[in-house]
Amino acid sequence: MKKTRTFSALRTALTAATAAVLAISLAACSQTGGSTTAGTSASGDQTTFTYARSAAVTSLNLWTEITSNNAFAIDKIFEPLVSFDKNGKIIDWLAKSHKISDDGLTYTFTLRDGLKFSNGKNVTAEDAVFSIEQHQAEKDAALPLTADIASVTAPDEKTVEIKLNSPYTPLLAELANFSNGVVPKDFGGKSEKDFFANPVGTGPFVVSKWDKSGDLTFTKNEHYWQKGKPGITKLVYKLVEDGTQAVNQLKAGQVDGIEDPALENLDELENGNDTKVETAGSWVTHTFFFNTADEHFSDVHVRRALAYALNRSDVTKAVSFGHADTAKTVLPKAIEYSTQDSIKPVDNDLAKAKEELAQSKYPSGFDAKILLASGNNAYSQAAQLLQSAAAKIGVKLEIESVDIATFRSRFKAFDYQIMINSAQADYPDADSIIDFQADPDGFSKSYWTSYSNPEVTDELKKAQVTPDGDERAALYEKIQQTLADEVPYIPLYSPQIVKAVRKNVTGLEVLPNNSVRFQDVKIG
Amino acid sequence: MNQFTAVLRRAPRTLVAGIALLAIMVLAVLIIPLLSPYNPTAEDISSMLQPPSLAHPFGTDQLGRDMLVRVAAAGRVDLALMIGVELLPFIIGTAAGLIAGYYGGWPNRAITLLSDALIAFPFYLLVAVVAFVTGTGITGIFLTFLIMGWIIFARTVKGATASLAGAEWVESARVMGFSDTSILVHQMLPNVLSQAVIVLVSDMVALLVAIVTLGYLGLGVTPPTPDWGTMIAGGQSFLATRWWVSTLPGAAVVLVGVALALIGDGLNDARRQA
Amino acid sequence: MLLVLVLVTIGVFLIVRIVPGDPAQMVLGLKARPEQIADMHHRLGLDQPIGQQFISFVGTLFTTGDTGQSIAYNVSSKALVLSRLPVSLWLIGCSAVLVVAISLPLAMVAALHKGSWIDQLVRIVPTITLGMPEFWVGLVFVLLFAVTLKIFPVGGIQPGIDGMLYSMALPSLTIALAQTPFIVRSLRTRILEVLKSDYVVTLRAAHLPERVIHRHVLRNALLPALQLYGMKISFLVGGTLVVEQVFGLPGVGSLLFSAITARDFPLIQAIAIYCALGVVLISVIVEIIGGLIDYRVRGELGCEQAGEAA
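These protein sequences, in sequence, are chains A, B and C. Numbering-wise (the numbering used here), the first sequence opens with residue 1 and increments by one. Numbering-wise (the numbering used here), the second sequence opens with residue 1001 and increments by one. Numbering-wise (the numbering used here), the third sequence opens with residue 2001 and increments by one.
FYI, nobody ran anything at the bench for these hints, they're computed from the structure. It should be emphasised that the depicted structure is a prediction, and the values quoted were computed from it without experimental measurement. Just so you know, even glycine gets a beta-carbon here, dropped at the ideal spot from N, CA and C. Honestly, I wouldn't trust all of these hints.
In silico contact screen, one side only, chain C against chain A (beta carbon under 10 Å); selected entries [to be verified]:
no. : residue
1   : Arg2017
2   : Pro2023
3   : Val2027
4   : Lys2031
5   : Ala2032
6   : Leu2044
7   : Tyr2073
8   : Val2137
9   : Gly2156
Between the sequences and the hints, there should be enough to build the whole structure, so can you do that?
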């Protein structure tokens, strides 16, 4: 009796195993025929665009969020009065026009006609006023408006007026940020928490299904003010954490686009049978930062020596596969007033590197460490290149690779000597980068380099209140040259913003802040 | 000489094949960097990512470094690491196993509890935590496997010791006045050692693969020190377009793995025959 | 066993707080101002002394069974782990089935033809996979079977039970290949031992058909091998991380990976505690099976064979 039972248990197990193997192969066969293309499930007018992203959307509060996983979902739901185009130029968006008074103290915006929220209600100037005031009152604001604002008013239904106590030129660019999107006044009667759980905005898409640790599905906003758009009915933000996995899903047609393809994969995707890439100039510069409070790197000659020793175009060539510009200055080319094409950088001259080191406090070299966040292949390659460049002038650099969270805690505590990190503008104004990277009084203390040059600080404060034009250009030119000469950091390369998509995707507008616009997207 | 060939003839074929393969790998890893005109850490961007050719039989990597000399140099690092990392856990684990198996009681319970708790702890969490505290690199790898590595030896040796501890000859040794330490070292150890060594050899394969996997997770050996894991991981984006960057170091890992597996298998057979 | 759980709970609580890195820095981004970070620390209770944090953590754990709100995802960490659990369980289950389906016939053939070339082949070929890192095998499978041949999905989970099986094929095969050599070897040894046993010799003497004898042999060899595999499975709990990562599967392993990166303390604690619970449960089951075998094997084979089972 006992024996039969054992045997039947065994037989059941074997049957189950065989069944499972069969089921898997059957499932495989049944699904090979219709090679599963995610996008073109063209039943009726339904078109879905599936976008692979490396992090999930965890919050849609436009005022408190800043990280790209949330920001680039928020900007599909909420839209600001002004925005920027592919080249970073500021354009009217919900406003049909805007005017800045000659004294730079009054900004007047006139709203477009026929603007509606996704719930069908009309957008009025009161909504815009409420949004800006709410943003100013938010104590956890991630991208607070820095202008000294006296009042925000709605003289009539279509007009929004912002008055300042003192001029502040970057204001318009700041307003173009996703964090200045327009929400319905008083959240349409809901609590703030409920509102952001199920937000209502003017953007082309509406949240329909949201897993905070997984995918987010948008549907088309039926009341979108750009008539006939968006062209797709559904937009899925699919969480694919691993980069190689995302590339392979794109190649196989499981997704229609990838938000952040690695530079190493670009030539493969660009020349693939089913894939292509869309690009735009970027506001990002990958940069070596020196801790100028460190005994070695407080010496300007040491910093200049390393900058001369390194060949930046080699770095660009090794990591970018033709999709980046070698950076010569702190401002990327896609930001107005960048002197990328005219500046004389401290770069690639071994003889001068040796001269500089000879003039420094450490003529015979020294030992130091490069702090590196692990898991970033391009950064690791760049660090190795700096290491061998430094070795040529007798400076022995060791690479210290730590995980990203440790990395952040370390450099924010000024606990590093050299690090590699990305410098990014949040909005299309030179001030967004210069203020963060050269103002020793800001909380970031010149991007945690402790670099301080009173002349530069004065000039950057002046540039904030100088209206756009030649005078402002001259100030930024001078600042950029000083930063290039004193080398608190070595800007390395500005990668293009690249999105990889299936070949049958058209109309994807890539933006220099790494976001995209989907309203013109068509599949097939 | 005759004796040697006799031993060779009697030894399981898998053991001979495994030792031969391992010897070839070790020799290659030692000799190639001496003969090669290239330096494993010297970049040459103008010749980056070249496919295998006469000048570079294994091609070049992203920074234009010769892959052949790098794979060999990485082999020196990884093989040394493999042996170095396994040594302490082997000694500690064997000792713990002997003590737990021989005395039983609370030493046994304490050792079992500790190993159970460690095994119940997600391995990756432990690895990550150690790496984050020490910084990624060799120290982290060493510590992680010190914490986890002893368990498998302790369990094997404990089982073997416990089954011997009740044997008559142990009892008589005790009656004859031998101390516990003496019994453990002179009587028990030689008897359980062969089993522990077999486990050691097969665990080395697992260890090598684990070190390589850490490189993939970004927790491995720090650049520019060449290491098979970081080389495989760094080349994974090129797998479809530039196969040599991660396939060739991968092949090296597989060969060493096969060699060790064969040796383990052979030792097992030899023990059974004996 | 309970003590193991207690140790793991204390261990994970302390360990995540020793590690450098700050959840607030990760959530708030690179440009977070110090006030924002201090504010968040206060909201999360991270500004309290560590002892107090531990008391409140253990307090909630025992009163509500909850492990707290995930910092990065802003949802209950317990709910999050439970929602990711099915994928990992499917992965472990499917790979276990594949291991048995692959190892059993191989071991049987090898044992029945002991010493022949088939035996050598079965013993040597699987060792090749021993030296292959799982992530590497996974990447090659994706390129070969998903991207080039388009037989299986590249990654992620397809809807439905058949979709699940379909999505599990490559990942579970990847795990199974790493386990097979070990199981084949021990199963083969077991089968040989049983074949040599007095019991089988008696059956042979009774001129029973070979087919029937094989069935008896298999039955007696399989259970110990399964027990051995059970021990291996406990390593797999939470250890499916690499494969989940490579195939983009939303399981507990990949959740742990992102939780650690984000220093999401409550989530890391939740995963560690639930994984430990899983491992403890499996070892209890394995022990029960072990008892069962001991009883059976002793009954049928005689004691001296069973004693050597370890």
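To see whether the hints hold, each was checked on the structure:
With a cut of 10 Å, the hint placing Arg2017/C at the interface with chain A is violated, because the nearest CB-to-CB distance is about 13 Å. Checking Pro2023/C against chain A: minimum C-beta separation of about 8 Å stays under 10 Å; hint holds. About 8 Å separates the beta-carbon of Val2027/C from the nearest beta-carbon of chain A, less than 10 Å, and the hint is met. Interface hint status for Lys2031/C: upheld, as the beta-carbon distance to the closest one in chain A is roughly 6 Å, under 10 Å.
Restraint check, Ala2032/C versus chain A: the minimum CB separation of about 7 Å is within 10 Å; hint holds. Annotation: Leu2044/C was flagged as interfacial toward chain A, and the flag is violated, the nearest CB pair being 13 Å apart, outside 10 Å. Given the 10 Å rule on beta carbons, the hint for Tyr2073/C holds: about 5 Å separates it from the nearest Cβ of chain A. At its closest, the beta carbon of Val2137/C sits 14 Å from a beta carbon of chain A; the interface hint therefore is violated under the 10 Å criterion.
Annotation: Gly2156/C was flagged as interfacial toward chain A, and the flag holds, the nearest CB pair being 7 Å apart, inside 10 Å.
Checked against the numbered hints listed earlier, the structure breaks hints 1, 6, 8; every other hint is satisfied.
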